[in-house]
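Enquirer: Below are the chains, spelled out letter by letter.
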Amino acid sequence: NAGVTQTPKFQVLKTGQSMTLQCAQDMNHNSMYWYRQDPGMGLRLIYYSASEGTTDKGEVPNGYNVSRLNKREFSLRLESAAPSQTSVYFCASSESFFQPQHFGDGTRLSIL
Amino acid sequence: GENVEQHPSTLSVQEGDSAVIKCTYSDSASNYFPWYKQELGKGPQLIIDIRSNVGEKKDQRIAVTLNKTAKHFSLHITETQPEDSAVYFCAASIGNDMRFGAGTRLTVKP
Chain H
664 NAGVTQTPKF QVLKTGQSMT LQCAQDMNHN SMYWYRQDPG MGLRLIYYSA
714 SEGTTDKGEV PNGYNVSRLN KREFSLRLES AAPSQTSVYF CASSESFFQP
764 QHFGDGTRLS IL
Chain P
2 GENVEQHPST LSVQEGDSAV IKCTYSDSAS NYFPWYKQEL GKGPQLIIDI
52 RSNVGEKKDQ RIAVTLNKTA KHFSLHITET QPEDSAVYFC AASIGNDMRF
102 GAGTRLTVKP
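Protein chains in written order, with this note's numbering: chain H, 664 to 775; chain P, 2 to 111.
These are calculated hints, taken from the structure and not from any lab test. Here the structure is a predicted model, which means the values were calculated and not measured. The reader is advised that the hints may include incorrect statements.
Said to hold, decoys possible - On the chain P side, residues computed to face chain H include the following (Cβ under 10 Å):
1. P9
2. A30
3. Y37
4. Q39
5. G42
6. G44
7. Q82
8. P83
9. S86
10. F90
11. N97
12. R100
13. V109
14. K110
15. P111
Using N, Cα and C, we set each Cβ at its ideal position, and we do this for glycine too.
If we strip away everything but chain H, and leave its shape as in the complex, we get (with noise of 0.2 Å):
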């Protein structure tokens, strides 16, 4: 009954390091999504992916990649981190398009 699984949970990077944020969903559903969380403003989304094997930008994808390694599996990488990516990234899943249903519990990275 895990449902929507994210690792790390917390993470510090220094400015210009990399670094892959995991998720794994376990509901056989075909969209997934990574959203991020700033302070006193909702979710933004990064980038989703309507079924296995497609991607597709979101409202503020510059500065990340994802990758939809199966249906299961959707992880967003950094490639050099900035300041301004410190943030708490969500992962969610939906068994609709684009009517997430199921987040996970985030990660929260901050990056110095």
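Following the hints, complete the assembly by docking chain P onto the known chain H.
Expert: Relative to chain H, chain P alone:
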């Protein structure tokens, strides 16, 4: 693109009272309106949603109403309980564009 405004940003009510959170959207073609509850340290949880062909939907103590003409929708929580305390987000979507409101922090005082 879509733009969603949410009010109020904070709301404090006494246990047992009702709470109402309102959102307005800009794109009249938006057709899906979900509401999420986010507890501290957790991800958002979908609590109720409504589609543009429905004016009202209810699920136990929560209800959502949609006024397409005025382009606004509201979340109503009746008989509030301390465990309703959380941040609530509305969203509006059309196709592959979904935008979220900035959130309402609801505090229910025992």
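Enquirer: Hints the structure violates: just list their numbers, smallest first.
Expert: Going through the list in order, the structure violates hints 1, 2, 7, 8, 9, 13, 14, 15 and respects the others.
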